[in-house]
Amino acid sequence: MNWTWFHKLASPPHAYRIAARLAPWFGWPAFLLIAAGLYGGLVLAPADYQQGDAFRIVYVHAPSAWLSMFVYGTMAVAAAIGLIWRIKLAHAVAASSAPIGASFTFLALATGAIWGKPMWGTWWVWDARLTSELLLLFLYAGVMSLRASIDDRDRADRASALLAIVGVVNLPIIHYSVYWWNTLHQESTLTKIAKPSMAGDMLWPLLTMLLGFTLYFGAVLLIRLRAEILRRERDASWLRAEIGR
Amino acid sequence: MNRTGIFDGALLAYRRDLLLAMRHWGQVAQPLIFFVMVTTLFPLALGPDLAELRQVAGGTLWVAALLASLLGLELLFRADHADGTLEQMILSGQPLAVLALAKGLAHWTVCGLPLVLLSPFVAASLGMPFEAVGTLMLSLALGTGVLSALGSIASALTLGLRRGSLLLGLLVLPLAMPALIFGARAIDLSIHADSARGPLLLLAAMLVLALTLAPLAVAAALRISAE
Numbered sequence: 001m002n003w004t005w006f007h008k009l010a011s012p013p014h015a016y017r018i019a020a021r022l023a024p025w026f027g028w029p030a031f032l033l034i035a036a037g038l039y040g041g042l043v044l045a046p047a048d049y050q051q052g053d054a055f056r057i058v059y060v061h062a063p064s065a066w067l068s069m070f071v072y073g074t075m076a077v078a079a080a081i082g083l084i085w086r087i088k089l090a091h092a093v094a095a096s097s098a099p100i101g102a103s104f105t106f107l108a109l110a111t112g113a114i115w116g117k118p119m120w121g122t123w124w125v126w127d128a129r130l131t132s133e134l135l136l137l138f139l140y141a142g143v144m145s146l147r148a149s150i151d152d153r154d155r156a157d158r159a160s161a162l163l164a165i166v167g168v169v170n171l172p173i174i175h176y177s178v179y180w181w182n183t184l185h186q187e188s189t190l191t192k193i194a195k196p197s198m199a200g201d202m203l204w205p206l207l208t209m210l211l212g213f214t215l216y217f218g219a220v221l222l223i224r225l226r227a228e229i230l231r232r233e234r235d236a237s238w239l240r241a242e243i244g245r
Numbered sequence: 001m002n003r004t005g006i007f008d009g010a011l012l013a014y015r016r017d018l019l020l021a022m023r024h025w026g027q028v029a030q031p032l033i034f035f036v037m038v039t040t041l042f043p044l045a046l047g048p049d050l051a052e053l054r055q056v057a058g059g060t061l062w063v064a065a066l067l068a069s070l071l072g073l074e075l076l077f078r079a080d081h082a083d084g085t086l087e088q089m090i091l092s093g094q095p096l097a098v099l100a101l102a103k104g105l106a107h108w109t110v111c112g113l114p115l116v117l118l119s120p121f122v123a124a125s126l127g128m129p130f131e132a133v134g135t136l137m138l139s140l141a142l143g144t145g146v147l148s149a150l151g152s153i154a155s156a157l158t159l160g161l162r163r164g165s166l167l168l169g170l171l172v173l174p175l176a177m178p179a180l181i182f183g184a185r186a187i188d189l190s191i192h193a194d195s196a197r198g199p200l201l202l203l204a205a206m207l208v209l210a211l212t213l214a215p216l217a218v219a220a221a222l223r224i225s226a227e
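From first to last, the protein sequence lines are chains A and B. Per the working numbering, the very first residue in the first sequence carries number 1; after that it's consecutive. Per the working numbering, the very first residue in the second sequence carries number 1; after that it's consecutive.
Certain hints may be false.
Derived lysine to any residue pairs resembling SDA-like cross-links, with alpha carbons at most 20 Å apart [said to hold, decoys possible]: (1) 117/A <-> 31/A; (2) 88/A <-> 223/B; (3) 88/A <-> 226/A; (4) 88/A <-> 94/B; (5) 88/A <-> 214/A.
Rough simulated footprint, nothing fancy, chain A against chain B, three-plus residues with beta-carbon under 8 Å [to be verified]: (6) 156-165; (7) 171-182; (8) 211-225.
If you're looking for bench data, these hints aren't it; they were derived computationally from the structure. Values in this document were obtained by computation on a predicted structure and should not be read as measured data. Backbone N, C-alpha and C define an ideal beta-carbon position, used for all residues, glycine too.
Throw the hints in and build the complete structure from the sequences for me.
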């Protein structure tokens with residue numbers, strides 16, 4: 001099999017063009033799926049018999065929480081590829097993923113707090129899921145501020161890649177210790193926001209939203225990657241030819 | 001031919017760091033004074049009632065120890081980086097991970113161990129019962145070990161950066177939270193005369209994992225930062 005197309009992906013000019021071509025193929029399905037999921041979730045799905053209409057925030061909350069972890073995984077895999085095979089484009093992917101992941105983590109926290117107000121009566125509860133999301137946000141903050149503090153690009157890439165990998169090793173430990181801590185301190189288990197057994201007409205909008213959000217992440221990542229390549233290659237001659245065209 | 005073995009090299013690095021610490025007593029004492037000061041803040045902020053303070057003593061001591069150990073971390077590689085010793089270590093042909101482990105151990109001996117020895121006196125001022133002191137010292141001994149290991153990764157990554165000390169806190173604190181959870185929990189259990197075996201064993205497991213993996217990460221980080 002010919003692998004040239006695969007190796008070409010690591011070259012910035014090629015990736016720059018491919019990203020431009022691929023972005024709509026992620027963006028438009030994402031738009032359609034999110035629109036369908038929102039209609040299904042906010043209009044078609046019946047109100048929950050316990051939580052009323054307040055449960056509907058799950059259609060934004062659960063996909064955000066899923067992506068907050070998925071993006072961290074993407075970032076860490078890209079960082080590891082960049083660190084091991086010294087592929088600069090992989091570092092550019094990691095650098096463009098971090099702010100997206102942090103935004104989804106923040107969105108998951110904010111929607112969790114908004115949902116908590118009618119359910120628990122307070123904006124914030126030290127629930128295990130919310131707390132581990134908060135710690136995830138801190139991990140993103142660490143990776144992003146380490147990158148921002150180092151002027152030398154190569155060192156910034158490799159240092160934040162190493163930190164992202166250290167974070168991945170620590171993430172399960174943090175996650176389970178927070179669960180353990182939470183079950184010790186709270187007697188009653190709180191109603192979980194996403195119940196495993198959901199009625200079909202509540203479930204399909206959720207799955208649609210999950211897929212839509214994931215594709216949306218793909219589209220935004222490609223756009224940000226293009227901007228990142230522009231920034232990194234601003235002195236390259238191919239770019240001058242590309243822009244001047 | 002006279003070759004220096006791996007452990008001779010590590011021992012040399014360890015003894016050198018201890019010797020340097022002995023000659024700069026002020027730097028060793030500062031985190032300890034800070035530790036005592038932070039624990040003093042809690043009675044002043046929460047009120048002098050010992051029965052109430054006893055409820056939060058475990059958490060207070062752990063938070064204070066966590067903050068105090070951050071102070072010492074910044075100095076871990078800085079002098080070696082500034083005078084070129086670090087480059088010699090990288091070029092020496094000795095496995096850098098083993099040297100990093102030796103430096104981490106030296107840091108714990110200078111920074112963690114005095115904290116552990118000082119903790120019973122501070123604990124008494126927070127109304128902690130005498131029976132809990134053993135658990136307190138064990139939990140802090142294991143915990144400061146984890147902190148030294150995790151902290152040396154962050155210290156190596158932030159080497160030579162402006163505002164490095166602030167960044168160091170941002171990087172270490174999220175990673176250190178599991179140790180805080182189990183360490184404070186162990187003390188809490190033993191204040192209430194329960195067995196603290198479970199959290200202490202988990203803390204020990206964390207220390208073993210950190211001692212195994214952290215030196216490799218520190219070595220990689222030092223290579224990145226020293227280039």
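Are there hints from earlier that the structure breaks, and if so, what are their numbers? 1, 4, 5
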